[in-house]
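This is what each chain is made of:
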Amino acid sequence: MSRRVAVTGIGIVAPGGIGVPAFWDLLASGRTATRGITFFDPAGLRSRIAAECDFDPAAHGLDAEQIARCDRYIQFALVAGEEAIRDSGLDLALENPWRVGVSLGTAVGGTTRLEHDYVLVSSHGQRWDVDHREAGPHLQRAFAPSTLASTVAERFEARGPVQTVSTGCTSGLDAVGYAFHTIEEGRADVCIAGASDSPISPITMACFDAIKATSPNNDDPAHASRPFDADRNGFVMGEGGAVLVLEELDHALARGAQVYCEISGYATFGNAYHMTGLTTEGLEMARAIEGALDQARLDATAIDYVNAHGSGTQQNDRHETAAVKRVLGAHAYDTPMSSIKSMVGHSLGAIGAIEVAACALALTHQVVPPTANYETPDPECDLDYVPRVARERRLSSVLSVGSGFGGFQSAVILNLPREKTE
Amino acid sequence: MSEPHPRRAAVTGIGVVAPNGTSTETFWKSTREGISVLDRVAREGCEHLPLRVAGQIRDFDPPSAIEERYLVQTDRFTHFAMAAADLALDDAGLDRPATDAAPFSVGVVTAAGSGGGEFGQRELQQLWSKGSRFVGPYQSIAWFYAASTGQISIRRGFKGPCGVIASDEAGGLDALAHAARAVRRGTDVMVAGATEAPLAPYSVVCQLGYGELSTVEDPERAYRPFTAAACGFVPAEGGAMLVVEAEAAARERGAPVRAVLAGHAATFTGASRWEQSREGLAEAIRGALREAGCAPEEIDVVFADALGVPEADRAEALAIADALGTHGTRVPVTAPKTAIGRGYGAAPVLDAAAAVLAMEHGVIPPTPNVFDICHDLDLVTTRARAAEPRTALVLSRGLMGSNSALVLRLGAGDAS
Numbered sequence: 001m002s003r004r005v006a007v008t009g010i011g012i013v014a015p016g017g018i019g020v021p022a023f024w025d026l027l028a029s030g031r032t033a034t035r036g037i038t039f040f041d042p043a044g045l046r047s048r049i050a051a052e053c054d055f056d057p058a059a060h061g062l063d064a065e066q067i068a069r070c071d072r073y074i075q076f077a078l079v080a081g082e083e084a085i086r087d088s089g090l091d092l093a094l095e096n097p098w099r100v101g102v103s104l105g106t107a108v109g110g111t112t113r114l115e116h117d118y119v120l121v122s123s124h125g126q127r128w129d130v131d132h133r134e135a136g137p138h139l140q141r142a143f144a145p146s147t148l149a150s151t152v153a154e155r156f157e158a159r160g161p162v163q164t165v166s167t168g169c170t171s172g173l174d175a176v177g178y179a180f181h182t183i184e185e186g187r188a189d190v191c192i193a194g195a196s197d198s199p200i201s202p203i204t205m206a207c208f209d210a211i212k213a214t215s216p217n218n219d220d221p222a223h224a225s226r227p228f229d230a231d232r233n234g235f236v237m238g239e240g241g242a243v244l245v246l247e248e249l250d251h252a253l254a255r256g257a258q259v260y261c262e263i264s265g266y267a268t269f270g271n272a273y274h275m276t277g278l279t280t281e282g283l284e285m286a287r288a289i290e291g292a293l294d295q296a297r298l299d300a301t302a303i304d305y306v307n308a309h310g311s312g313t314q315q316n317d318r319h320e321t322a323a324v325k326r327v328l329g330a331h332a333y334d335t336p337m338s339s340i341k342s343m344v345g346h347s348l349g350a351i352g353a354i355e356v357a358a359c360a361l362a363l364t365h366q367v368v369p370p371t372a373n374y375e376t377p378d379p380e381c382d383l384d385y386v387p388r389v390a391r392e393r394r395l396s397s398v399l400s401v402g403s404g405f406g407g408f409q410s411a412v413i414l415n416l417p418r419e420k421t422e
Numbered sequence: 001m002s003e004p005h006p007r008r009a010a011v012t013g014i015g016v017v018a019p020n021g022t023s024t025e026t027f028w029k030s031t032r033e034g035i036s037v038l039d040r041v042a043r044e045g046c047e048h049l050p051l052r053v054a055g056q057i058r059d060f061d062p063p064s065a066i067e068e069r070y071l072v073q074t075d076r077f078t079h080f081a082m083a084a085a086d087l088a089l090d091d092a093g094l095d096r097p098a099t100d101a102a103p104f105s106v107g108v109v110t111a112a113g114s115g116g117g118e119f120g121q122r123e124l125q126q127l128w129s130k131g132s133r134f135v136g137p138y139q140s141i142a143w144f145y146a147a148s149t150g151q152i153s154i155r156r157g158f159k160g161p162c163g164v165i166a167s168d169e170a171g172g173l174d175a176l177a178h179a180a181r182a183v184r185r186g187t188d189v190m191v192a193g194a195t196e197a198p199l200a201p202y203s204v205v206c207q208l209g210y211g212e213l214s215t216v217e218d219p220e221r222a223y224r225p226f227t228a229a230a231c232g233f234v235p236a237e238g239g240a241m242l243v244v245e246a247e248a249a250a251r252e253r254g255a256p257v258r259a260v261l262a263g264h265a266a267t268f269t270g271a272s273r274w275e276q277s278r279e280g281l282a283e284a285i286r287g288a289l290r291e292a293g294c295a296p297e298e299i300d301v302v303f304a305d306a307l308g309v310p311e312a313d314r315a316e317a318l319a320i321a322d323a324l325g326t327h328g329t330r331v332p333v334t335a336p337k338t339a340i341g342r343g344y345g346a347a348p349v350l351d352a353a354a355a356v357l358a359m360e361h362g363v364i365p366p367t368p369n370v371f372d373i374c375h376d377l378d379l380v381t382t383r384a385r386a387a388e389p390r391t392a393l394v395l396s397r398g399l400m401g402s403n404s405a406l407v408l409r410l411g412a413g414d415a416s
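First to last, the sequence lines map onto chains A and B. The first sequence begins at 1 in UniProt numbering and counts up one residue at a time. The second sequence begins at 1 in UniProt numbering and counts up one residue at a time.
Take the hints with a grain of salt, since some may be wrong.
[What the hints assert, rightly or not] Examples of chain B residues lying across from chain A (beta carbon under 7 angstroms, computed):
hint : residue
1    : 131
2    : 137
3    : 139
4    : 206
5    : 371
6    : 374
Read the hints as simulated data drawn from the structure, not as lab findings. Glycine is no exception: its CB is placed at the ideal position from the N, C-alpha and C atoms.
The following block holds chain B by itself, in its conformation from the complex (with noise of 0.2 angstroms):
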């Protein structure tokens, strides 16, 4: 538990299919620069819906990133996935002969909260227009949420540990500290994140009632965490893929260790009891400071849950003093997805592939269009601020009522 892992979990690739970027480094400069992408909602059959403003992928072709015979079997959200995954494993160096010479070496885990809904809605349609004969063969295994992990694995071939964690947004850091386990258990790499696709009409439908879902038409003023005018989340499609790998085999293949995943820990508090997510997010800041053998001190960077609910974001600012002291209303915070909205469990991940580009370039990522700060945090706000972080620290809690945190460190071929 607190002892340091003889096998530590590398960050070697990072593969990002975002609303600001799909490409992880159309993603990095637009979240470095502030850009809020956030947009009125532009889906077929969305229109009459009163969710106005959502994080939407514009700039992604399906049969550019991905085989016909695959796209035709998945849905959008696992097109991000593979899509994203190609991207980390590109990034990491890890080629199609270099993971086809150990296969069992190399899992998959992702994180899914959403599932295949726009297919789900096309096959339901069909059932009930025209009849069950009508449905395809693709439903039983485009809808289901293992759908992304399992056609990563046969796509490229990986025979390892494959999982799939359905839980709520901060189930995207609990499936990258499942992948660091497995890397700690004997597998060698492990392809390990989230995307999510909840814009298709009937899985907006299934979000309104989602308390905390802010229906505000402005994009500009829909997402503000933080601040007194907070009125809710805005939605988010995309996500991340992050290549998870032994830092002993990066290091014998000549990868460099980008960042280490060093700590995490997941509690619960109750679905949307807000309140008690305050002690429930402390205790899983400790338990992941204890796991990475990191005083509160060493954390230079906090990537905010940032809900965006009053009682919420108090919840968490609290948190953060709670389980850093004195330090927690020193170290600046930041929350870049209010520049491109929450994708359920994506979002974590994409805070966590931001933290470790944070680190790489020496610079925080502002929070766009949050200004005014209601509670004592050092908000990263406007423009990015240059900074030496070393080490990060992540949040996220689930509408479900999970709360989690992971700590990262720099890499940086540091060998300890």
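Bound conformation, chain A alone (with noise of 0.2 angstroms):
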């Protein structure tokens, strides 16, 4: 019989309020968390809007020595870490540190630091032979995408299979997918899985600028991001963090601890087309969310709730909700599938792991987020978005589909613990 994975623990720094509670009261309640860049003076971006995180590193718990050498999406990591261990109850004193792992991913790591110090080197912009004398003194953790991993596993003391996975926008999902499989595999019994992201920076505005992936709906930020409503025009940018506590099953029931749930299926395929652009047929998606469902044995008419990639863009969209209902069937038009980068917007790397957390959570409190802002149908996505508001509803076993640049599709299966059956 197969080790199980359980998820015991769960901490989350996301637009809107730090912490779980306040995380799902604000998807709860349908409320938005987009609003115009405040970090810095985005006049010239074609997209000024953004869902930033008002986080005080200080007030959870960093002291300044950490908060100097740590780029902001590491202080959201360790922040939401702490948060998860807290929540799980596990006392890692006690725990083999080799049998303790860390997965966690990012998809643009430490840039908004690699921006800020290339400004100093190349007098804004004005040397290609940089003048390394202006370098700030943590330049080099910023460079390195491993700094997020291992700066979570020494504060944890984990000494097992530790990784940063960078697949894009499908890191998250990727990220919490290789925990689930080096649980089951038996090459650690615990592993805090997650991801992070801190996007909000002139250069990674500019790159979605260039490509028109984001929404210029600058005038109304609050409804901007707009997923599977007609009007849609692109996806508003986040930044956040969430960690979750990954344990095989019957060491989290040894001890006694809280399970929220089971991870019980993962797979990723490519779609081989285009590193931006999606075909309208949602083939490979389709096959990711087979390949997760044979995975955690279950059949597609299990699925109560489909937690949406839902960017927001036209062709994701379309390509997403064409994915959905080749695997689901009829089922697909009685199963809510809601995105909430619609309240949280789209933190890249790191929303695949906050939407594996809101699955979570939906399970716990039988309650599935809403598609905030959605009024308009679109003829070409005519499923159940759950519009604006919160819907109470049995679930048992959840989707979270994820795709993203480079063509990645990833689909994470969430259920409530089954009966043991071996």
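Using the hints, put the two chains back together into the complex; each one sits in its own frame.
See the structure below:
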């Protein structure tokens, strides 16, 4: 019998409120946390809106040294990690450290600090032969993406497999998926899993401006992120982080831990089509969903809720709707499918983990979070997107899907613990 | 875990783009002859920087290897990756019709530790000198760590599992292990490895913060692990991709099983905490041996991490002894990367490639520029040593604290 994997702790830093209670309150109320960019002057950008976190690292227990040394996205991971470990009740001092792993995702890692220091060493972009004497003392930590998992592993004294995963916008789902496989395959008993990104910086905003992927609804930021709505016109950049404590089920039960849910399936495939473009058929995402279902030994009709990638670009939402219909068939029309990006924006690599956390909370509360701002149906997106208002519903198995640059398509399945049938 | 895997992961193709050779053949010839190609950094914009020596690729002509439309949207690290993947697939005898027949059966996993630095610096310069409208449409897909996996998948039509390990140096071995696990889980072929291009001026500035970086000016003295003169490591560009294939699938299509990825384990002991890496590396070795069902005495050669920092070298020598017992002081150890430098995540993938070639050719390549060993190791120095290695152990540690070990066994038609 293969090893099963439980979620026993959750921690979140997201726009609209730090910590699980504030996050769930936002989702359950259907409020949005998108606004005009305040971190820098966005004049000149096509998209000047974002979902920013009001985050005070000191108020969340980080000391001055940690704040100076760690990029913002790592601070998110430390704070979310702290909350998740506390929530799990796990006493890491009692664990064999070689059996505790870390798997964290990030799409753009330390680019905010990389850009900050670049401006210093290049005299505002004036020189190719940059002056190293102007660089800050922690620049190398921003350069190395592995700083993310490394810093969290040091904090929690994990000595098992420690990985940073960077598959663009599916990083969060993939990091959780890798952690799930790590425990399932017996390479660790506990894995601190999740993702973090803080991409609201001039270079990253300009990147997405250049390909018109982000919404130009600058006059109405609160309603700018409109997944599945006919008037959607791009995603709204977000930031944040989520950390889950994954644990081998028997290990969790033996210590009497609360079990939010199990992670029971994960799969990822590439579309081999385009770095940023999607087909209308959704064949590869469908394949990922099927792969995750196979692993979870679930029939497609068992899915009670689909947590969509739902970025709010024209092509994504069509693609994803097609993929879900391809696998769920007629059942797709009876299955609520919503995008929390309507409320917390799209935090690139982080969002997949934030969405997995939302799924775990949805299972716990038996509530489906809504798609905020959904008003005008799009004939090509004809599923039940849970418009604006959260909905109570019996949930036992839920699906979270993600799609990203590189053509990557990932799916994770979570379910309430099933009877053990050994 | 310790049971033998029903679907063994075989190496059926090797593709190398390295400072000492932009084909697998030239890389191996130079590696076995122990020719050091470390040289003064000769990159525009780097002349004034305190990094003096690096492993640079000089004879790689991107347009002759990669189509224009892929070149313009990618950084140098992805050029290397696409070229190395082509070489590996050719080597494995997997052409486009073969992989098109079952696109979901072929996946890609790369390790990436430095991203598209040169491309990124150019676009940062556009943004900050001219304005956001001058940032090009490819910055979003060229700079990020997932660029190589995505582009290989798209360019070759591979729809299987795609992954990116953005870990430190040890991530290169973790990527190979990731491929082996994907094969065991049912994917027939994984193209796996790492390439890096960390020598753009701003990337070099970023690396200057690594306390372990060598800033010595003399190429012959800049990177000398395991000696009293050890003064840090020299960075490098390039890397390798391997075709990792289900053994049964390889046999079915008549492809030689050149080696088997038999065991792997990874641990973590803290960034730059080299003394502690002794315990972590030893634990990783034990884990890899356990998964491979391999006794310490079966290890015929060790490809060392060889960081070139005295404390780290000592920890590695002791870790080998801790994990392999008395055999640890007798087994030949080598570090051919002293000829080309350390290409971050790519370094241990090149070592894995060299390990397969060493087993196939019955020769252990030497460790150039290294003479008086100050540790209790049988380090192969000066010239290659004839041997018949059938099992190799490849070690890697990262600056951010990861330790990884991989056991490779010679395939040679062995159907056991």
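For each hint, the structure was consulted:
Taking 7 angstroms as the C-beta contact cut-off toward chain A, the hint placing residue 131 of chain B at the interface holds, the least distance being around 6 angstroms. For the restraint placing residue 137 of chain B at the interface with chain A, the shortest Cβ-Cβ distance is roughly 5 angstroms, inside the 7 angstroms limit, so the hint holds. For residue 139 of chain B, the interface hint holds, the least distance from its beta-carbon to any beta-carbon of chain A being 5 angstroms, beneath 7 angstroms. The beta carbon of residue 206 of chain B comes within 4 angstroms of a beta carbon in chain A, closer than 7 angstroms, and the hint placing it at the interface holds.
The closest approach between the C-beta of residue 371 of chain B and any C-beta of chain A is roughly 31 angstroms, which is over the 7 angstroms cut-off, so the hint fails. About 28 angstroms separates the beta-carbon of residue 374 of chain B from the nearest beta-carbon of chain A, more than 7 angstroms, and the hint is not met.
Hint compliance for this structure: hints 5, 6 are not met, and every other hint is.
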